[in-house]
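Peer 1: Sequence:
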Amino acid sequence: AIVKSLQQWNSHVGTAVAIRMAEAAIDLGEYDDARESLREAESLWQLGASDSTEGARIQLRFAELWLHQGDLAASAARLDQAHRLATELDGSRSSLHVDILVQLAAVRCRQGNLEDSRSRLEQAQQILAEHSATQTAAQAVLLGVLAEVEMVDDPRRALAHLNRAQQLWESNGLAECRNAAVNLARRGALRQSMGAREQAVDDLAAAGTLLELLGLKQSPTGAIVSLQLVSCA
-19 AIVKSLQQWN
-9 SHVGTAVAIR
1 MAEAAIDLGE
11 YDDARESLRE
21 AESLWQLGAS
31 DSTEGARIQL
41 RFAELWLHQG
51 DLAASAARLD
61 QAHRLATELD
71 GSRSSLHVDI
81 LVQLAAVRCR
91 QGNLEDSRSR
101 LEQAQQILAE
111 HSATQTAAQA
121 VLLGVLAEVE
131 MVDDPRRALA
141 HLNRAQQLWE
151 SNGLAECRNA
161 AVNLARRGAL
171 RQSMGAREQA
181 VDDLAAAGTL
191 LELLGLKQSP
201 TGAIVSLQLV
211 SCA
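Each residue of the sequence shown is one higher than the last, beginning at -19 in our numbering.
Read the hints as simulated data drawn from the structure, not as lab findings. Careful: at least some of the hints might be erroneous.
[As the list claims (entries may be wrong)] The calculated label-pair distances, taken between Cβ atoms and stated as ranges, are:
no.	residue 1	residue 2	range
1	-4	135	18 to 24 Å
2	19	150	33 to 39 Å
3	13	54	49 to 55 Å
4	111	140	22 to 28 Å
These numbers were taken from a predicted model, which means no experiment stands behind them. From the three backbone atoms N, C-alpha and C, an ideal C-beta is built for every residue, glycine too.
Could you put together the complete structure from these sequences and hints?
Peer 2: If you want it as structure tokens, here you go:
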């Protein structure tokens, strides 16, 4: 029993480390390394019969990887697996479900299914309302995806969502993170499309500075921000 417990513990630690390595690699745009780390995490998780939370998070990171690489069908399939594992753990009202729903909404938005995307975000908002005291970051990410859904039909409403998301990042000590930089970049691009060039430059410059601070200046997000700044010149 002791040996089995030690094996499970080692598997748990190894899985957690591999997931973190994958997350860092995704942020840097090192997708081959991310895929390798996630495969290792999945193997360790299966070997150690760890809890469903780790399994769901592995599937969630796989989905994020495929989303970055443009394979929307593969991303959606991984999110279905993540949802099944998370539901096995604690029903369908956990904070983990929020992450899954928001990412699925992003996938549906990229697929052009805006109605389904909005539906997923509404479900996520309902769960967040039950965990409002501890889910500030999740709410900010959700607003960013909601803005992406609204950009074509109602850019002013999309801008309001991004402004609110930025307020959440800044007012809760979370401003120095990749998602905050992504929000600034998204708002800068939207403002540029709306003709607010000076404000767009300010947002994009702030996003670039933050990405450099985080060591992500050479990441795909950093490259996009640099190109957007050039187009504003």
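Peer 1: Against each hint, give a clear statement of whether it holds in the structure.
Peer 2: Here is how each hint holds up against the structure:
Between residue -4 and residue 135 the beta carbon distance is about 41 Å. The supplied range of 18 to 24 Å is therefore violated. Against the hinted window of 33 to 39 Å, the Cβ-Cβ separation of residue 19 and residue 150 comes to about 37 Å, which satisfies the hint. With their beta carbons about 18 Å apart, residue 13 and residue 54 fall outside the hinted range of 49 to 55 Å. Hint check: residue 111 to residue 140, Cβ distance near 23 Å, so the stated range 22 to 28 Å holds.
Violated hints for the displayed structure, listed by number in ascending order: 1 and 3.
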